[in-house]
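Visitor: So you can see what is in the structure, the chains are spelled out below.
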Amino acid sequence: MTRISRHPVRRGLKHVVLIAAALVMLYPVIWMLVSSLRPDEAIFRGEFFSLSDLSFDNYRDGWNALRHPFGHYVINSVIITGGAIIGNLVSCSMVAYAFARLKFRGNKVFFAIMLMTIMLPVHVLLVPQYVLFSALDWINTPLPLIVPKLLATDAFFVFLMVQFIRGIPRELDEAATIDGAGPLRVFVKIILPLTVPALATTAIFTFIWTWNDFLGPLIFLTDSDAYTVQLALRSFIDASGGGGGSSWGSLFAMSTVSLLPIFLVFLVGQRYLVRGIATTGGR
Amino acid sequence: MGRRPTRDRRPLSARDKKEERAGFAFLSPWLVGLFVITIGPMAASLYLSFTDYSFLDSPEWIGLENYQRLFSDTRFHQAIGVTFRYVIVSVPLQLVVALLVAIVLDRGIRGLALYRSAFYLPSLIGGSVAIAILWRQIFGADGLVNWALALIGIEGRSWIANPDTALGTLIVLNVWTFGAPMIIFLAGLRQIPAMYYEAAGVDGAGVLRRFWNVTVPILTPIIFFNLILQLIGAFQAFTQAFIISGGSGAPSDSTLFYTLYLYMEGFGNFSMGYASAMAWVLVVIIGAFTLINFIASKYWVFYDD
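Residue numbers (the numbering used here), protein chains in the order written: chain R, 1 to 283; chain W, 1 to 305.
Keep in mind that the hints are not guaranteed to be accurate.
Unchecked claim - Only part of the chain W face toward chain R is listed, based on derived beta-carbon distances under 8 Å:
| hint | residue |
| --- | --- |
| 1 | V36 |
| 2 | D57 |
| 3 | I133 |
It should be emphasised that the hints constitute simulated quantities derived from the structure, not laboratory data. Where a beta carbon is used, it is the ideal one built from N, C-alpha and C, also for glycine.
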C-alpha cells in the first residue's frame with residue numbers, strides 16, 4: 001500500500017478504536033440508566049432490552065423508600081449547593097481581586113500561604129471543625145457546609161480567579177481610577193463584568209463538587225432530616241441490605257436522579273468546565 | 001513580611017494608605033477563614049493529637065502515646081499499605097491512559113468535542129455515591145463484568161467480596177476518571193508548535209521516536225503538574241472505598257483506605273485524639289511525597305526558558 005491510500009484507512013481505524021473505547025467507558029452508566037427503567041427480573045435475567053418492559057415503577061418505589069420522600073433530600077442538597085456557590089462566587093472574587101490588583105503589606109506572603117492551603121488534606125481539620133460547629137450548635141444544619149465557603153476556604157477558586165484577573169489589562173482599572181473610582185467601584189464596574197467566564201467556571205465546579213460531596217455531609221449531618229442526596233443514597237444501600245437483588249432497580253433509579261443535575265450542568269456548562277480545567281487543572 | 005514590593009521606600013502616601021485599607025477589606029473573608037477554618041483547627045488538631053479525647057470528655061494530655069500506638073497498630077499498617085498500593089498503581093496508570101488518549105485526540109481529529117465529552121464525563125461523576133453503587137453492582141457476583149465474561153465462557157466470582165480483587169476495582173474506578181488530566185494534556189499538546197514535528201519528520205523520526213523525543217519532553221511540566229494533583233487527590237480518596245466496603249474497609253480490610261480508617265477511629269469510635277495523630281501523619285506523608293517529587297522533578301522535567 002502506498003502512503004496516500006493508507007491514510008484514510010488508518011484514520012478510520014482510529015475512529016473505530018475511539019468509539020469502542022468511549023462505549024466501553026460509558027456502557028456502565030448507560031446500562032444503569034436503562035436498568036432503572038426496567039423491573040429487577042428483567043435486569044438480571046440478562047434479557048435484552050425491549051420497549052415493552054419500560055416503566056417508572058422503580059422511580060416511584062425508590063422515591064418513597066426512605067423516611068422522607070427523595071425530594072426532601074434533593075431540597076437539602078439544593079440549599080447547601082446553592083449556598084456554597086454564592087459563598088464561593090462572592091468571597092473568592094473579592095479575595096482574588098485583592099491578591100491580583102491591590103497593594104498591601106504581606107500580599108505575596110499571604111498569596112503563598114493561600115497556595116499551600118490548596119494542598120492541605122481536609123482530614124486534619126475535620127475533628128476540630130466538628131468540635132467547633134457542635135459548640136455553635138450547627139450540626140445538622142447546612143451552616144458547616146456553607147459558611148466556610150463564604151470565607152474563601154476553597155483556595156483553588158481564588159487561585160483560578162487571580163490568574164484570570166491578572167489577564168485583564170490594567171489600563172482599564174487605571175482609567176477608572178483617574179476618573180475618581182475607588183477600589184470598590186473598580187471591582188464592581190470593571191473587574192467583575194470581565195471575570196464572568198472565571199465566575200462561571202467556579203460556579204459549575206462548586207456545584208459539581210458540593211453536589212457530590214460525601215465526607216462533609218457524613219460528618220456534619222447525622223440526622224436523616226438533614227441528609228443530602230448522597231447520604232440518602234448511602235442509607236438506601238443500608239436499608240436494602242447491601243443492595244441485595246430485590247432493590248437494585250429502585251436503587252439505580254435514585255442513583256440516576258442524583259446524577260441528573262450533573263448531566264444537565266455538564267451539557268450546559270461544558271465550555272466553562274473544559275476551559276477552567278485546562279487553565280489551572282483541577283479534578 | 002511587611003516589605004512592600006514597590007521600588008521606592010517613601011512613607012505611604014494617602015492614596016497608598018487608602019489602597020492598603022481596601023486591600024485588607026477585600027482580603028478579610030479569606031483572612032478570617034484562614035484563622036477560624038484552617039489555622040485554628042490545624043493547631044487544635046495538633047494539640048488533640050497529644051491527648052486522649054473522646055469528644056464527650058475533655059482532652060487529657062498523654063504525650064506521644066497516640067503516635068506510639070500508630071507504630072504498633074497493625075490495622076493502621078494495613079491502611080497505609082492499601083493506600084500506597086492504590087496511589088502507586090492507580091495514579092501512573094491513570095496518567096498514562098490520559099496521555100495516550102490525549103495524543104490520539106490531538107491535531108484536529110473529526111468529532112474531537114464529542115470524544116472529549118465522552119472521556120471527560122466520568123471524572124465529573126466518578127466521586128459520587130451513585131457511581132460507587134454502580135461499581136458494587138458491576139463487579140458483584142452477578143454483575144455486568146461477570147455477565148460479559150460469561151459471554152466468552154469464563155465464570156467469574158464477586159470481585160468486590162474477594163480481598164484479592166476488591167482494591168483492584170477501586171483502582172479501575174480511579175483510572176476510569178482519566179478525563180480531567182486528559183483535558184490538561186490536550187491543552188498542553190496544543191501549545192507544541194507544529195514545526196517541531198515537521199523538523200522531526202524531516203529527520204526521518206517515526207511516530208514512536210517523535211513521541212519520545214518531542215512530545216514527552218515538552219509535556220514534562222504538565223505531566224508533573226498532573227502527577228502532583230492526582231497524588232494529593234489519591235492519598236485522600238474516601239467515598240468510593242466507604243461505599244463499596246459498606247464503611248468498613250471490607251473484605252478483610254483490603255479496601256481500608258487511610259482516610260477511611262481515620263474516619264472510623266475519629267467518628268466511629270470517637271477516638272478523636274488518635275484520629276488527629278493519624279491526620280497529622282497524613283499531612284507529613286503527603287508533604288513528603290510532594291517534596292520528593294519536586295526534588296526529583298529537577299532530573300526529568302524540562303522547562304524551556
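Visitor: Checked against the structure, which of the hints given earlier come out wrong?
Guide: 2
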